[in-house]
Amino acid sequence: MSPSRPFFTSPSGALDTSQVVDEAVPLAKLVAAVGVVALVPVFLQVLLVEMLGIVPALAVLFTLAAQFLAAVGTGIVLMYVVVRANQLADE
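For the sequence shown, numbering that gives the first Met the number 0 assigns the number 0 to the initial residue and increments by one for each residue that follows.
Each hint should be verified, as a subset may be incorrect.
[Claimed, not checked] Below, simulated SDA-like cross-link-like pairs (lysine to any residue); rule was C-alpha separation at most 20 angstroms, straight line:
{"id": "1", "residue 1": "LYS28", "residue 2": "THR73"}
{"id": "2", "residue 1": "LYS28", "residue 2": "THR62"}
{"id": "3", "residue 1": "LYS28", "residue 2": "GLY72"}
{"id": "4", "residue 1": "LYS28", "residue 2": "VAL71"}
[As the list claims (entries may be wrong)] Pair ranges (Cβ atoms, derived):
{"id": "5", "residue 1": "GLY34", "residue 2": "ALA58", "range": "17 to 25 angstroms"}
{"id": "6", "residue 1": "PRO55", "residue 2": "ALA88", "range": "48 to 56 angstroms"}
{"id": "7", "residue 1": "ALA56", "residue 2": "GLN18", "range": "48 to 56 angstroms"}
{"id": "8", "residue 1": "LEU43", "residue 2": "ALA13", "range": "17 to 25 angstroms"}
{"id": "9", "residue 1": "TYR79", "residue 2": "LEU38", "range": "15 to 23 angstroms"}
{"id": "10", "residue 1": "LEU14", "residue 2": "LEU60", "range": "23 to 31 angstroms"}
{"id": "11", "residue 1": "GLY12", "residue 2": "GLU90", "range": "17 to 25 angstroms"}
Don't read these hints as lab results, they were simulated from the structure.
For every residue, glycine included, the Cβ atom is placed at its ideal position computed from N, Cα and C.
With the hints as extra help, turn the sequences into a complete structure.
Dropping the structure here:
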């Protein structure tokens, strides 16, 4: 069984930049969305703990929340990449 050509090359062998951009833009939007969601606890920590001086123990909770959201978001991004790769392999 001969290997199939990558999705980003045209039948002539040239790089299909439009296909690369079509795949990269949704992935970049997903990564940006995960980043924004993971930064919410960081901003809350800066606002509530650093500026207002409310219970410094909350800093630990905000740090754990930010790390948890980043880890879950990374998993979601990786699942998207795997599912999209399977879809492209089936085409």
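A quick look at each hint next to the structure:
With a C-alpha separation of about 13 angstroms, the suggested pairing of LYS28 with THR73 holds against the 20 angstroms cut-off. Restraint check: the Cα-Cα separation between LYS28 and THR62 comes to about 24 angstroms, which exceeds 20 angstroms; the hinted pair is violated. Using a Cα cut-off of 20 angstroms, the hinted pair LYS28 and GLY72 holds, with the two alpha carbons roughly 12 angstroms apart. For the suggested pair LYS28 and VAL71, the alpha carbons sit about 16 angstroms apart, so the restraint of at most 20 angstroms is met.
With their beta carbons about 20 angstroms apart, GLY34 and ALA58 fall inside the hinted range of 17 to 25 angstroms. Look at PRO55 against ALA88: about 51 angstroms separates their beta carbons, and that is inside 48 to 56 angstroms. Our hint of 48 to 56 angstroms for ALA56 and GLN18 holds, since their Cβ atoms are close to 50 angstroms apart. A C-beta distance of roughly 49 angstroms is found between LEU43 and ALA13, which places it outside the suggested range of 17 to 25 angstroms.
TYR79 and LEU38 have their C-beta atoms about 20 angstroms apart, which keeps the hinted 15 to 23 angstroms range intact. Between LEU14 and LEU60 the beta carbons are some 47 angstroms apart, a value that contradicts the proposed interval 23 to 31 angstroms. GLY12 and GLU90 have their C-beta atoms about 18 angstroms apart, which keeps the hinted 17 to 25 angstroms range intact.
Checked against the numbered hints above, the structure violates hints 2, 8 and 10; every other hint is satisfied.
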